[in-house]
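Using the numbering used here, read the sequence shown as starting at 1 and increasing by one per residue.
Calculated from the structure, these hints are not laboratory results.
Heads up, the beta-carbon is just placed ideally off N, CA and C, and yes, glycines get one too.
There may be inaccurate statements among the hints.
What the hints assert, rightly or not - Okay, the calculated beta carbon distance ranges per label pair: (1) Lys368 <-> Arg335: 30 to 38 Å; (2) Asp520 <-> Asn426: 21 to 29 Å; (3) Glu439 <-> Ala530: 42 to 50 Å; (4) Tyr324 <-> Lys425: 55 to 63 Å; (5) Thr421 <-> Ser498: 53 to 61 Å; (6) Val418 <-> Glu527: 33 to 41 Å; (7) Lys538 <-> Val418: 36 to 44 Å.
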Amino acid sequence: MEEWLFEPIIGLTMSRFEPEELFAYNLSPRIIDSLELMYFDSSTVEEVTLAQQQQQQQQEQSTVQVIKPVQHKDREYYNSDIYKLNLKRQSRGLPPLTESEFEELASELFNESLSGSEEEDSEEDGDDNDERYKTDTLDTIFERSIAKLEQLKLEQEEEGVVSHLATRSPFILFKSSLLDSSHAFGVYKSLFSVKEINDPINALKSWQSQQGKKSAIFMIGGGHFAGAIVSHAVKSTKGQVSKTPSDLLLNSVDFIDAKVLSSAMDNAKGKANSAGSNLRRANEMALQNEVRELLQSWKKQLNECDSIFIRANGMQNRRILVGYEGSPFANDDDRIRSFPFTTKRATTSELKRAWLQLTSLTITAKPKVDDKVLKQKALQQQLKQSKLNKVKETDKVTPEETQTREIVGFLKKSRGPVLITYMKKNQLDPQFELQPESEYYHTPTVLHYASAHGLKNLIGPLLKNLKCDPTALNKSGKTAYDLSANVSVKQAFRIARSELGESIYDWERAHVEPPLKREDVEREDLERKAQEEQEKKKAQRELLEQKVEPATKNNKRLGGVSISQNEVDERTKGKSSRS
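Let the sequences and hints guide you as you build the complete structure.
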């Protein structure tokens, strides 16, 4: 091991600064006096001041943005879909969508309807079907716009955190009058202790008067070990202790073939009995013993170190240094840190290079704001605005809202028996309306919610055991069957109609299609899969047996068809969809 004092690496810094004056433990007065800690918004990496953050919070708490309707001279606008959609959004306390935002949501829905068109077939025809489809589409766009906001809830909870640590990089950044506006000084976060990182400016200033401090750095991996105790002083001196046990290197050929240390292989697969593996294990044990003897002899110096940096490849190598019985430092020693960058093979020269990189101020470009994140932040503001409006309407949660939370929780987890027991125990009506009404506008009842969210396994129990009425309508005049998320949900309704009979519910009023027997559905699924497989094989045979085209008059070449597997699949898919 070697005790080093700071020696700058030429080329690490810009020409206007001397390398030694950027050493974190010996900063020049002109640099340390020019440093100003930078704070960032955690969601956008946008620089903000603490005063701006406090002012923003006060505004959010004291004011609520008033959404004013935009007046349109064109009368046709008031008959358009976007106007109807914005009326619904206004009832939920949300700002209106622009035409471009509306078109984006409509385009997404259109693309999804194309990709999923093969899964469902409609038996309705005529103008009534077109009108119903148009209403369905508008309701779906409305729900999609709400879902897009709700999807950002987790991000919204983390939104607004301003900190000097929110740089999305291993550095803490400092503005300086010595640099242009697009650059900043960076100091590695791992250089600071848990207490120091909360006030990095004062930490840097205190380091300048602590020249007698020292740190330890270790690297181990691939049969190589190197370690050093490094002084924080500036004056260069030769080392007092030094050791790198290179005589205990592993057999390189054996090691490359196994791609792991043989001790790691022993833990995973049992001990190998070859002569090479025995020699390798003996070398590893000798390396471990020598390193630990070395650490024991440096125990006094290690106890005096402010920080200990370790780069160990894998837990097996780390256990050689940390946490073993008699180790100079335990696993929970808060002085232990890792290198925030990639290092090369463990040598004394690599230790020196890594130490200088770690402790030198870096000149780096300031983070740029991500436009995509800004767009997400705007959506989060809409969600926040909606919540503020809801809080303004009611200051406390009603008992019905509390019960709704429990019911929806059971539904999301598909806990049918628990849900039925809860509703009966609390004497809740099967047609209990979920609250608040504005949040469950589209799915007011338990059956509506289960159908719209594709909970096919709950449809039968809700109709049979809980006696939910399938003819109940939501605010848009739709039954639970109308909101079916997929074909499987529709089949669940039709199976329930078959098993419960025609007298228990008015199935026609519930818009439920003719009954299906469970065994018929299962048989149809098997037959459909078999037919699809048969048609695919038939199409493949037809393409492969296709005759060669006759020669043309001009070039007298024989024509042909290049058939790829993709073409086979595409033509097979086309035939399946037509059938």
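Tested hints:
1. Distance hint for lysine 368 and arginine 335: a CB-CB separation of about 35 Å, consistent with the stated range 30 to 38 Å.
2. The hinted range of 21 to 29 Å is not satisfied by aspartate 520 and asparagine 426, whose Cβ atoms lie roughly 38 Å apart.
3. A C-beta distance of roughly 45 Å is found between glutamate 439 and alanine 530, which places it inside the suggested range of 42 to 50 Å.
4. For the hinted restraint 55 to 63 Å between tyrosine 324 and lysine 425, the CB-CB distance of approximately 57 Å keeps it satisfied.
5. At about 26 Å, the beta-carbon gap between threonine 421 and serine 498 misses the expected band of 53 to 61 Å.
6. Between valine 418 and glutamate 527 the beta carbons are some 36 Å apart, a value that agrees with the proposed interval 33 to 41 Å.
7. Range check, lysine 538 to valine 418: about 49 Å between beta-carbon atoms, so the 36 to 44 Å window is missed.
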